[in-house]
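Asks: Protein chains in written order, with this note's numbering: chain A, 20 to 290; chain B, 7 to 388.
Rather than coming from a laboratory, the hints here were simulated on the basis of the structure. Accuracy of the hints is not assured; some may be wrong.
Partner residues aside, some chain A positions facing chain B, computed with beta carbon under 7 Å [what the hints assert, rightly or not]:
1) Asp77
2) Asp80
3) Thr188
4) Arg194
5) Leu196
6) Gly197
7) Arg199
8) Ile207
9) Pro210
10) Ser214
Please read all numbers here as calculations on a predicted model, not as lab measurements. Backbone N, C-alpha and C define an ideal beta-carbon position, used for all residues, glycine too.
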Amino acid sequence: MRRKQTTIRWIVIAVIMAFFLIPLLSMLYFSLRFPLSGKWTGQAWSNVIHIGSIAAADPADYGQLWTGLKNSAVLVVLTVVIMVVLLVPTMTWVRLRVKWLSRTVEFICLLPLTIPAIVLVVGLGPVYRIVSNVLSTNTIWLCFVYVVLVLPFAYRALDAGLAAIDLTTLSEAARSLGARWFRIMWQIVLPNIRSAVVSACFISVALVLGEFTIAQLLARDNLQTGIFLVSQSDGQLAVTMSLAALILAFVLLMVLSLFSGDGRRTKGASA
Amino acid sequence: MSTARMDTAGVGTVAGVAPVHGVLVELNDLRRSFGTVRALDGMDLTINPGELVVLLGPSGCGKTTALRVLAGLEDADSGRITVDGRDISSVPTSKRDMGMVFQAYSLFPHMTALQNVEFGLTLRGKGSAERRRIAGNYLELVGLSEQAGRYARQLSGGQQQRVALARALAIEPKVLLLDEPLSALDAKVRVQLRDEIRRIQLELGITTLFVTHDQEEALAVADRVGVMWEGRIQQIASPAELYTAPVNKFVAEFVGLSNPLPGTASEGAATVLGQRVPLLPGSPPSGSVTVLVRPEAVTLVPGPDSAAGSDVRPGSVTGTIVGTSFLGSTGRAQVRLADGTLIIAQIASADVAVLRVGETVDVRLEQVPALAVASMASRGSL
Ligand SMILES: Nc1ncnc2c1ncn2[C@@H]1O[C@H](COP(=O)(O)OP(=O)(O)OP(=O)(O)O)[C@@H](O)[C@H]1O
Ligand SMILES: [Mg+2]
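Chain A extracted, bound-state conformation (with noise of 0.2 Å):
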């Protein structure tokens, strides 16, 4: 019976490991042969890692990939660094001082979950119109949708964080021993939901690496709107370029939650 289980399980495994592997193992095959010749050949992931020469060399055709990239680099740290900022301490005071609100908090930031991209656009359209006006039509000022993008998934990683915690009863015990509010969020509410907040920027990495739509709708150039264009003159740098990009932020994952891991555990299971 056991045994009968434990085969079934590992089927399951398996057919869900060749649904996620297969694409990938293809986007790997054709990213190391020749496409008409068919040899083997690294010459794709070597333009990959040498993509800010090429680009300076060939501006017409890598140009666009190359400022993308760049541009998606910073907006992923400008996306985390304003989520956590906005949302780690929203949510604890929310949580302390406003329980009424929370709902409402929440309604809000699970909101951009029921709109689609396409839908969001539209809406975006004129308010980045302004931001153009305001600040320029940097890229990186996409950041801000992201940032609501991003919203529902970080705020329900957060909320499971909080959640965990007696908030009340730690920060209550801080401030009688003198602490103020920035410390109290700073040494005992982040530490205590490390994890969380490493899963909320593990997904807010990945949503913003994988962005398009919005990007492309409003003329922005990032690291999708750049593969989507090498792709019409060079297939397989586009395609070795996405793979990059995923496993990039599968290597951030496993880093991550290495450092997050729980160090407290560790260190705890040795004293």
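Based on the hints, put chain B with the ligands in the right spot on chain A.
Replies: Showing chain B with the ligands alone in chain A's frame:
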């Protein structure tokens, strides 16, 4: 008790943990409502320097609210709070210098016991070596030096509350506030830790407010117990006085057991069950009353139809034993009178085996002063 307080070099004293200067805390006419609920309704309380006052009362009577208002965690709608004569109403919690131990486990989960105790010291600008030394001393005071490197989840409930106590004391607060610190612990640890809290409190001489709904706990640790009900202190007195001389029905019934028996008052005494019982001050001088008789003021004598049935006093009442229970050092018997009234009597534990259910006994009331309340408007008399 006062001698123990002076003798700060008693057993268990830890070098480096100095007695503090106790402060005078006064709460004046505090009021606080939550919607239509009046959590505090004109509460007055004075805690003398170095005194341990327990707030005792049923759930929802406003104990926690009072403590939180004192700590600054809750704002009062009106009223005054002074510490050593200084009004602290506008001082934020972080500056009030009040050590607090909560009912819920409150250790910071990402810090070791030692780091928890050090937290408040860091905020007071102590260097790391000094911090470590002071925190170590307080952990030793609560008997947890060995566990300094452990995280909260590696400590038992009782140990966590000890660390919380050390953490609260390490900042050398003016006042120590304890909100049902023992209620999550099991009975044995509870007794042990409450005695320890009392020992430490006496040793340090720190002004302390302790909130509980457990009367045994209250009577055991307090210098004075304030019995709270409906947002106000009904009576504040030493445990003995509270028990022997309650000022109203609520206090009499909440602290210890009592039998409400009908009687007639006159000239400072009442006739109950055909016997005269002296009345406490505060009882109605005359008329129809309900007398609250403690179980230990009731004596049962085997009745006329039993072997030793020669000693029947005129005017006494007979009843039938309906149940007995063995409580260790004492016992308890329930007696039903002819008119259906149920009386609880305290008996010697040896008698639990002797008195049989169904046996007829003579019910006698000792000459211990009891509180009486007017029988018609008993609630209004508070
Ligand atoms: N934050 C709040 N919001 C609404 N009502 C409250 C709040 N805090 C307390 N109350 C109400 O005020 C009254 C007194 O509450 P409090 O917590 O002081 O009681 P307590 O004596 O500590 O009771 P317990 O023994 O159950 O802890 C209760 O009726 C409670 O429901
Ligand atoms: Mg309470």
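Asks: Now tell me if each hint is right for this structure.
Replies: Right, here's what the structure says about each hint:
Violation of the interface hint for A:Asp77 is found here, the shortest Cβ-Cβ separation to chain B being roughly 51 Å, above the 7 Å cut-off. For A:Asp80, the interface hint is violated, since its Cβ never comes within 7 Å of a Cβ in chain B; the closest pair sits about 51 Å apart. For A:Thr188, the shortest C-beta to C-beta distance to chain B is roughly 5 Å, which falls under 7 Å, so the interface hint holds. Because the beta carbon of A:Arg194 sits about 4 Å from the nearest beta carbon in chain B, less than 7 Å, this interface hint is met.
Because the beta carbon of A:Leu196 sits about 4 Å from the nearest beta carbon in chain B, less than 7 Å, this interface hint is met. About 4 Å separates the beta-carbon of A:Gly197 from the nearest beta-carbon of chain B, less than 7 Å, and the hint is met. This hint holds: A:Arg199 has a C-beta 5 Å from the nearest C-beta of chain B, less than the 7 Å allowed. Residue-level restraint check for A:Ile207 holds (minimum Cβ-Cβ distance to chain B is 6 Å; threshold 7 Å).
Proximity of A:Pro210 to chain B holds as hinted, the smallest CB-CB distance being about 4 Å (cut-off 7 Å). Using the Cβ-Cβ criterion of 7 Å, the hint placing A:Ser214 at the interface with chain B is not satisfied: the shortest such distance is roughly 11 Å.
Checked against the numbered hints given earlier, the structure breaks hints 1, 2 and 10 and satisfies all the rest.
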